[in-house]
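J.: Listed below, chain by chain, are the residues.
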Amino acid sequence: MSIEVRDITKKFGAFVAVNGVSLTVPSGELVALLGPSGSGKTSLLRIIAGLERPDAGQVLFEGEDATARDVRHRGVGFVFQHYALFRHMTVFENVAFGLRVRPRASRPTPAVVREKVMSLLKLVQLDWLAGRLPSELSGGQRQRVALARALAVEPRMLLLDEPFGSLDAQVRQELRRWLRRLHDDIRLTSVFVTHDQEEALEVADRVVVMSQGRIEQVGTPQEIFDHPKTPFVMKFMGNVNVFHGRVEGGKALLGPLAVDYPAHPQAEARPASGFARPYDLDLARREGEGGGFWATLRHVNPAGAVIKLELIDGYDAAIQVEATREQFESLHPKPGERSTSGRGRSGSSSKGRQARRRRGELDAATLRRGGIMSSSVVTNFMRQQGFPDEPPDACNMRFEGLYFQPRIVFPLIVVGILFQSATLFLLLSAILWWNALVPSLNPFEAAYNRFVAAPRATAPLTPAPMPRRFAQGMAAAFLLGAALALRGGQPLVSWILQGFLVVAFSALLFGKFCLGAYVYHLLKGRVAFANSTLPWARG
Amino acid sequence: MSRPLAEPVGVRVLLIVVALAYLGLFLVMPLLAVFTQALEKGLAAYAAAVTEPLALSALKLTLLTAAIAVPLNLIFGLGAAWAIAKFDFPGKNALITLIDLPFAVSPVIAGMIFILLFGRQGYLGPWLGEHDIKVVFAFPGLALATTFVTFPFVARELIPVMQAMGKEEEEAARVLGAGGWQTFFRITLPNVKWGLLYGVILCNARAMGEFGAVSVVSGHVRGKTNTLPLHVEILYNEYNFQAAFAVASLLAFLALVTLVAKSFVEWRS
Chain A
1 MSIEVRDITK KFGAFVAVNG VSLTVPSGEL VALLGPSGSG KTSLLRIIAG
51 LERPDAGQVL FEGEDATARD VRHRGVGFVF QHYALFRHMT VFENVAFGLR
101 VRPRASRPTP AVVREKVMSL LKLVQLDWLA GRLPSELSGG QRQRVALARA
151 LAVEPRMLLL DEPFGSLDAQ VRQELRRWLR RLHDDIRLTS VFVTHDQEEA
201 LEVADRVVVM SQGRIEQVGT PQEIFDHPKT PFVMKFMGNV NVFHGRVEGG
251 KALLGPLAVD YPAHPQAEAR PASGFARPYD LDLARREGEG GGFWATLRHV
301 NPAGAVIKLE LIDGYDAAIQ VEATREQFES LHPKPGERST SGRGRSGSSS
351 KGRQARRRRG ELDAATLRRG GIMSSSVVTN FMRQQGFPDE PPDACNMRFE
401 GLYFQPRIVF PLIVVGILFQ SATLFLLLSA ILWWNALVPS LNPFEAAYNR
451 FVAAPRATAP LTPAPMPRRF AQGMAAAFLL GAALALRGGQ PLVSWILQGF
501 LVVAFSALLF GKFCLGAYVY HLLKGRVAFA NSTLPWARG
Chain B
1001 MSRPLAEPVG VRVLLIVVAL AYLGLFLVMP LLAVFTQALE KGLAAYAAAV
1051 TEPLALSALK LTLLTAAIAV PLNLIFGLGA AWAIAKFDFP GKNALITLID
1101 LPFAVSPVIA GMIFILLFGR QGYLGPWLGE HDIKVVFAFP GLALATTFVT
1151 FPFVARELIP VMQAMGKEEE EAARVLGAGG WQTFFRITLP NVKWGLLYGV
1201 ILCNARAMGE FGAVSVVSGH VRGKTNTLPL HVEILYNEYN FQAAFAVASL
1251 LAFLALVTLV AKSFVEWRS
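So the sequence lines, in the order shown, correspond to chains A and B. Just so you know, we're using my numbering here: the first sequence kicks off at 1 and counts up by one. Just so you know, we're using my numbering here: the second sequence kicks off at 1001 and counts up by one.
None of these hints come from the bench; they were simulated from the model. Just so we're clear, the structure is a prediction, and the values are computed from it rather than from any experiment. In this text, a Cβ means the ideal position worked out from N, Cα and C, and glycines have one as well. It is possible that some hints are incorrect.
Anything over 12 Å on all C-beta distances counts as not near chain B; from chain A, calculated [to be verified]: (1) A14; (2) R46; (3) T220.
Each computed EDC-like pair below joins lysine to aspartate or glutamate, with the alpha-carbon atoms no more than 16 Å apart [what the hints assert, rightly or not]: (4) B:K1193 to B:D1088; (5) A:K235 to A:D280; (6) A:K116 to A:E136; (7) B:K1086 to A:E4; (8) B:K1167 to B:D1088; (9) A:K116 to A:E64; (10) B:K1167 to A:E52; (11) A:K11 to B:D1088.
Bound-form chain A, shown alone (with noise of 0.2 Å):
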């Protein structure tokens, strides 16, 4: 079926999704929604599929107004960035859902859900995992279930919503290519949203690219990777060194780059950008009938069928060339090196009009002559890039002191001191008021006792059992800290540390605590308690 979308706008709230788009889809044909994120790419999809309202523009169907039709009745098989599996059906009852919540009157028996179902599965070669919940399949698996599943209810297109985009790289590609037999085999018109332009490429037959909610370019595969329209396409379609400057006089002026632009013969200045793909670049060490600049390599990374060098121009920009293994080898350069340049078949565009890319125009570049600069360049971009003279490793190792801030940690023990002063009172107000359920129980009695009256009454020249109690609780925070320390391979001062601290606190508390019997022990005479109201404390 026919898909046809005119002048579709949506907003959401300030922000303008869908910019007044039109496409036509014509039937049975594989098309990718191509765009970086936030490009509208999937608001279109998902409007075409019923699941946003437009604020402006229609929806066709076979050229049958469809904008107003519910999701339910658009015959959509829609697949989802995240599979949206039903997490607790199996995958068979996954796959039979759409057949199942039919209007009773088309609802097929269960026999024939049956065989549909597993037909389906087979088709997805997953009938082995029919009886398998969703979380029990791998990222792939989901993939094909959820598009089983779209296929059940027999849908007259289907759209599919960054189908491969949360796979690893190899199983992707499997899919990829699976997609395109399956659709070579049934044909079903399909619109596919994606981010990777090399799976739009590979996979549709025809790319819709997208940018800030509108269409930049409908084409094949192969007009828009050879005739990008607009700058934008041309940067997306992959990797594209970018030269601005400005065309006067049929001649280009970019950069460093000076070539032959007869599209522009007035003399009148106009700003340019010239684009060239890394493999449009040619690297020489001679200098060879101009066009051609100088450029200082940076980087080689020669893994891969071709080589990808980084070069540096004479304005500090970046450039990416891409260099077959003959040629690296034939001229090997090495970085820091002042020997290499580009040539070639780059293409410019006079900004502000229509973008224009004009293939082979630009003369063959060439160099003027190779000269070696030593490889202290690559020391000084780094240290210009900030990075440090020592090796990365030691960077990490230096200690930050984080952890104890007096600025920080003495107020919090001022208010924490605050705070346990106040339960303490509040506490101690509580078992004054309500005399304690039972005398034995109560906390303050039994300490005043042990604590603040023994000692003072019995020898008073005998050592008082507190500090002697304190040394002990010292000595053993202390051991435990050193075997903790011994076992743990912790420095053994933060132990100690750490053990003083503990039995000071321990002493403060203990303190308090002491301190709040006392206090206890000279307000109880004075507080009536015959007068409570509660029975218990009365007898």
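We have chain A already, so just place chain B on it with the hints.
T.: Same frame as chain A, but now just chain B:
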């Protein structure tokens, strides 16, 4: 055996001891105290206190109130959570705040609100009097107050669950041709059922144990508008401690059942 990411043994032991001591002091001890007090005078006295007609009528009233409040809040909570989690509409934040309102105001004030509305001197009092409808100091008041106080539990429990679930599965169901109700019963409900059950259990526990709001609107008519918590209070004020604790132990028992059910639900989900 050394586990590099775990805290040192000492710290772990200390933390566990502190947590257990806290639990013991504030949860286990009071609970034990309730049951010891209730059984102080033997099983016969316990049985007598629990099967006394007034106690039975209070139990019946409590169960009835919960039986009205919980389904109401189940429906409203489900609706509210659905609306909040799945749709964007103006006033959404206001609705969320309103749902939390019963948590924010003291239950006593909640009770006062109903007196103010339905009491004899209240706004709707004269009209209700004319038509001979009794709300305050009667069963409808109890049900209303309990429903109000327990309103947030189901919604609060469901909103995060529904938000975490997202819209995609429901959209998928819609695209596959399912209607609104089919989507709800086949997709939404199965996905939130444990959260829903959890909310219902909490709601039920609160509905049975609610004291403040119910106390204000009940009027303490024995055998008529006395729920279990109010009955406990009356017995207690009469110095009939054993009976008070015996009835209280019923409530505690309900709480324990609730907790077990809750742990079961948590374990299942």
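J.: Now tell me if each hint is right for this structure.
T.: Comparing the hints with the structure gives:
Non-interface call for A14 of chain A relative to chain B: holds, since the shortest CB-CB distance, roughly 15 Å, exceeds 12 Å. Look at R46 of chain A: its CB is around 9 Å from the nearest CB on chain B, not clear of 12 Å, so calling it non-interface is violated. Interface exclusion of T220 of chain A from chain B stands, the closest Cβ pair being 29 Å apart, more than 12 Å. A distance of roughly 23 Å separates the Cα atoms of K1193 of chain B and D1088 of chain B; the hinted pair therefore is violated under the 16 Å criterion.
Only pairs whose Cα atoms come within 16 Å are accepted, and K235 of chain A paired with D280 of chain A is accepted, the gap being roughly 14 Å. With a C-alpha separation of about 23 Å, the suggested pairing of K116 of chain A with E136 of chain A is violated against the 16 Å cut-off. Between K1086 of chain B and E4 of chain A the alpha-carbon distance is near 30 Å, which puts this suggested pair outside the 16 Å criterion. Between K1167 of chain B and D1088 of chain B, the direct Cα distance comes to roughly 12 Å. Compliance with the 16 Å bound is thereby established for this hinted pair.
For the proposed pair K116 of chain A and E64 of chain A, the alpha carbon gap of about 30 Å is over 16 Å, so the pair is violated. A distance of roughly 13 Å separates the Cα atoms of K1167 of chain B and E52 of chain A; the hinted pair therefore holds under the 16 Å criterion. Of the supplied pair hints, the one linking K11 of chain A and D1088 of chain B holds, its CA atoms being roughly 14 Å apart against a limit of 16 Å.
Hints 2, 4, 6, 7 and 9, counting from the list given before, are not met by this structure.
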